[in-house]
Every structure is written in structure tokens, then in C-alpha cells.
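Colleague: If you want the building blocks of each chain, they are given just below.
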Amino acid sequence: MSDTAIDLAVPKTPLKVSDEIAIEIVGMNKWYGDFHVLRDIDLVVNRGERIVVCGPSGSGKSTLIRCVNRLEEHQKGKIVVDGVELTSDLKNIDKVRSEVGMVFQHFNLFPHLTIKENCTLAPIWVRKIPKREADEIAMEYLTKVKIPEQADKYPGQLSGGQQQRVAIARSLCMKPRIMLFDEPTSALDPEMIKEVLDTMIELAEEGMTMICVTHEMGFAQAVANRVIFMDQGQIVEQNEPKEFFNNPQSDRTKLFLSQILGH
Amino acid sequence: MSDASYVRTEMVSEQAAPNAAIGPVRWARENLFSGWFNTLLTLVSLYVVWQLLQHIWPWFAHSVWEAESLQDCRRIIIERHGEGATGACFAVINERWKQFLFGFYPSELYWRPILTFCLMLLSLVPILFSAAPRKLLWLSIAFPGLAFWLLWGGSIFVPLVAYAGFVVGWLLHQAVSARFSTLLGVIAGVFSALIWWLYLAGPVAGTLGEALDFASLRQVNSQQFGGFLLSLVIGVTGIAVSLPIGIVLALGRNSDMFFVKTICVGFIEFIRGVPLITLLLVASFLLNIFLPPGTNFDIILRVIIMVTLFASAYMAEVVRGGLAALPSGQYEAADALGLDYWKSMRLIIMPQALKISIPGIVNTFIGLFKDTTLVAIIGLLDPIGLTTAVRADSNWNGIIWEIYGFIALIFFLICYGMSQYSQYLERKLATDHR
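These protein sequence lines map, in sequence, to chains A and B. Quick note on numbering: the first sequence equals residues 27 to 289 in this note's numbering. Quick note on numbering: the second sequence equals residues 839 to 1272 in this note's numbering.
Calculated directly from the structure, the hints in this document are not laboratory data. It is possible that part of the hints are untrue.
Stated by the list, open to error - For lysine-lysine, the following DSSO-like pairs were computed, each having C-alpha atoms within a straight-line distance of at most 27 Å:
1) A/121 <-> A/157
2) B/1099 <-> A/201
3) A/179 <-> B/1193
Unchecked claim - Negatives, chain B to chain A, calculated, CB over 10 Å:
4) 963
5) 1165
6) 1189
What the hints assert, rightly or not - Here are some chain A residues pointing at chain B (derived, C-beta under 7 Å):
7) 136
8) 138
9) 151
Just so you know, these numbers come straight off a predicted model, no measurement behind them. Glycine included, each C-beta is placed from N, C-alpha and C at the ideal position.
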């Protein structure tokens, strides 16, 4: 197993899930031109739930979570996030986006701003928080991801792992109720994967609702309530992590697991 | 013990470089005399430079600064340096430099363009250097109106009423966007400002000027403008206005909205596809035909509009290049944080896109400034237009190098200044540490 080498901090407290619904996706379909990327997706995520989405490349897993904050538009079905349905209404979209944090594979920090400015920009301009207060929040979260000393540097001066932790802090500064992670560790050196995963686990312990597209199966086993396996734009199998890894049901899942865990 | 096994026991400490590896001697050896062929090239080059200097230097060394006419110049040179000597006759510059700077602007009012020029430099400071006191920005905002009032004279109310157009537009924008949508607010703001400028500003300024007669300056006609004053008025206005228009056009061209996109693409392609000369000729001869009878549109204003539109089409493409160079992740990250379109453009996309486009933007600026000399074709007396007048004077008939050289030198200084500033700005904004 490729990631057994990474010794992850296992959550100390049991992770609780509430009955309240955070995200509801019903009969959602998406096409890129003629290409049917997502087919009849049904998914309900409760508040506090941590979901890991895995699957082969091109299976639509990134597209799925990008639909949740409308970076991609869906053509059929409905997506309700925090009680707000995503339609073409721009005000609703901005409202959902300000409540949903997103972390990207390539960090996407703003290179012309310092680390602190990266973190304070959205709170100041979207939440209308006074600058001093935003600075305090930024430092709080930068401390939380363990890089307060880098606050006045520019993203280009940081390592990949540090940049990804800044990206997480930047999202957290908006005090989001849901976090989406789009392959957050795929662009990182092996040595840096752990520091990012540890940050994510800490977040999970605090009860953050998370959907995470990742191939880090160690992470899935440590914190996920549910693992979703996607292929060809469909949810093929979902289960709690123990069952999912030890007792996969579909042949496609078995093949996938044997390939990523086998070497 | 095999060679493959090795363990360093002591780390090597840093040492100073040997003397032969640094300093001018090394530079000369590496760059000028690195082999027999390069040595030969160096020697040949030195010979060519020497020959050129030998021919050009006497022309400068024999130059005459005090003379009545070109014949006078030649006589003085022969008297001083003997038969057959040649030299520059800079006396023409000495005699006519005021004309090259101000055209036929009344000489007793020269203080007005000079004051305007000083104010321009002062109001550029907060725009060009972020360390400058921010309060100076108020001067930068007031400068266009002040400059207009100082240069053309007349009532102070004309620029004041023009500024009021912005206030009117802004108020209506606020009122409409609060009650309806942002887009409607923008449209209402722009239209109300346009209506104010086109129909209300003139009468209002006229009435105010008659009712309250204070701070009125003697009027100077546009026909009296000339020389570098004219070049700078057209160039600076064009530069200042073409950048924002270009940005809006570039955003419009990238827009998802069909009509906005079509209008922007149509404008850019049309303006880019037409020579500037034709636009200037349109401004000079044809525009009056299309305007309602009785309106007398100032010729300098017409030229400024054409030059600005021309430069903004190029600017739009330069900025679009910068936008295209940004990774899509930047747009996505801005969106994902909940920033709306205008905020993400202003705070995330434009600062980066403009930084990438600095060389192209300054290129367009320099091109625009040099293109102001084309107004000579439609009879305006910019420096090039003035040379014709100077050479038509029987005293200076036949003089070429001195006046064109003088004009070229001033243009070079201004353009080189812009280029140097752009390089400074690029260094200052380099935060990506690639």
C-alpha cells in the first residue's frame, strides 16, 4: 500500500455526525458538450460528515465536487447546499461559495499578494470584516496550520506543502460550513503530503463537513465516514471505509483497489 | 574498499573567489578578447567607432549657437575653423526653441503651460510611486480639470461642471443599483453622465460663468497650441484614457455576454484595421459633417478622441494577452472564495494580468506618443508641423539635421523615461520568485 509509510495522526475523539443535511444532490447530470460526464448522481451529505471520493482519472470525481460550489454548471437535477438551491441566480451562487471552502490540487494562491493578504482578501471584500479583525483571523488560522511565521512572504517563496496549508487557511478564514478538497495532495512531494493530511485530519476532528477527492487511502481509513467510488461519471459503490476496503462489492471497485493498493 | 562507498567526514567551507575571476579585467577578457576571432572583431569595431567619431565629432565641435541665419552660421564656422569646415547650426534651436515647446501660444501666458507641466509631474508621483503620500492622489484627480482650465483658459466652471457629470452618474448608479440590479445601475450611471455632458453641461457652465464672474482666465484658441505642448496634451490624455478603455474592451471581449462581446470585438477589429492617418483625416474633415449643425467640436479634442480610440484597441489586445496568460486556477480560486465578477477582476485578475502586460502596455504608450507627430498631416503645428514653418523662413531655409535631431532627442528622452519606469515597475512587482 503506497501510503502506509505515512504515519497519520489518528483522530482522538470519535467523530460525530448530525442529522442535519448539509448537501443534497438529486438526479444530477452534467454534460461537457456531448460528453456525459456525470450521470444521475444522488448524494446526501449530513453536517459533520467526512466523505472521501475516489476513482480512476476521468471518472468525474473532481467535476462532482466542483458542481457543489458551481465552478461547474449542472444541466439536470438539483443541488441544494446549506438550504440554498444552486441555479443560475448569481446571488445564490456567491452565497453558497462564501459558505463553502475549496482547496485545489495546484493550491491556486494569489501570487501577487502576501500570505496574509491571501487570507484576508475574501473576509474583507466578501464578509466586509474590518481589516484589523481580518488580520487577526488570518493569523489565527495560519497558526493553526503551523506557518504563522510565513505571513509576510509571497506564495512563490513557500514549499508546496506550505502553500497548500496556506490555501486551507485561506478557505478557513471565511469560516466555511463545508470544505471541498480537490486532490489536495496530488501535486506534492511525498514528504509534504503528511503535513497537509495532518491539517485536514485536525479539521475533521473539529467536526467540519468535508468532501475530499483523494487517492490517500490512509487518510480515508483514518477519518472518512463514507468512501464513494466513482467510475464513468457514476457512483459505483459507497460504504463506510472498513467495509469498503475489506469487502468491496462491485468488480470495478475490486479492480481499482487492487491496482492502487497492490503495488 | 570499493569506490562506490564514500562518506564525507568534513564539510567544505565557503572560500573567496580567485582575483582573476572577478573585476573589469575578467569582463574584458571574457567579452572582448576571448579568442583570436573575437579579438579581431573587437579591433575592427574599435576602428569603425573611431572613424564614425572622426566624422561626426567636428560637426558638434564646430557648432554655432548664436547666429542670425543659416548663412550667418556658415560664415562663422568658416571664420573660426577655416575654409571647408562644417558644423552644426544650433542657432536655429536657440532662436526657435520657445516655438518648438509652445507653438503659437501667447508668450505672455507661457506660465500657464509651464505651471500645468509642473502640476502634471506632481500629480504623476502618487500614480507612479506607491511610497508617495496618498493625499497627492486628490491632485491627480483634480489635474485634468485644472490642466484644461489653465491651458485653454475661460471659466473655471467648465471643468467643474464636467466633474459634476461623474457625481451625477455615480449618484444615479447608487440609487438604481440599490433598488434594482447592479447592471441596471451601471447602465443608468453611464447614460445619465453622458446626457449631462452632452446636453446639460454646456448651458449650466455658461449660466454659472455669466452669473459668477470669478477665476476666469484669458481664453487661448486651440489653433494657437503647438510644439511639444500639443504633443504632450494629445499624448498624455491618450495614454491616461486609453488604458482604462482598453481594459474594459479586453474584459468585454472575454465576456460570456453575446452583445457585449460582439460590440467589443467589432470595435477592436475595426479600429485596428484602419490606419491612424485615416482616423485623423476623419477627425479633421468628416466629423463635422456627422455632427449636428452648429456644434463646433474642438479640433484638438477630435484628434485626442481618435488617437485614444486607436490606442485603446491595441491596449485591449495587449491586456487580453495578459488575461490569457493567467492560469484558470486564479479565476477559480477567486470564484470559490465568493468574490463577484468585478471584485475578482479588480483584486485578483487585473493586478496580475496588467503586470504581465507591462511591456506591451508601455509599448503601446510609446507608440501612441510618437504617433502624435502624425497630426502634422492634418495641419496641426506639432513639432514636426513646426519644422515646415521654420524651414519656410528664408533665414533658416535648408536646415534639416539640427531641428529634426532636436525633436528626436526630446522624443527619445520622454520615451526612454517611460521604458525605464516600466522596467523599474516590473522589478518592483516581481513577487512570483520564479
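Colleague: Compare the structure with each hint and give your call.
Modeller: Hints, one by one, checked against the model:
no., hint, in the structure
1, A/121 <-> A/157, "21 Å, holds"
2, B/1099 <-> A/201, "37 Å, violated"
3, A/179 <-> B/1193, "19 Å, holds"
4, 963, "23 Å, holds"
5, 1165, "8 Å, violated"
6, 1189, "5 Å, violated"
7, 136, "6 Å, holds"
8, 138, "5 Å, holds"
9, 151, "5 Å, holds"
Of the numbered hints stated above, those contradicted by the structure are hints 2, 5, 6, listed in ascending order.
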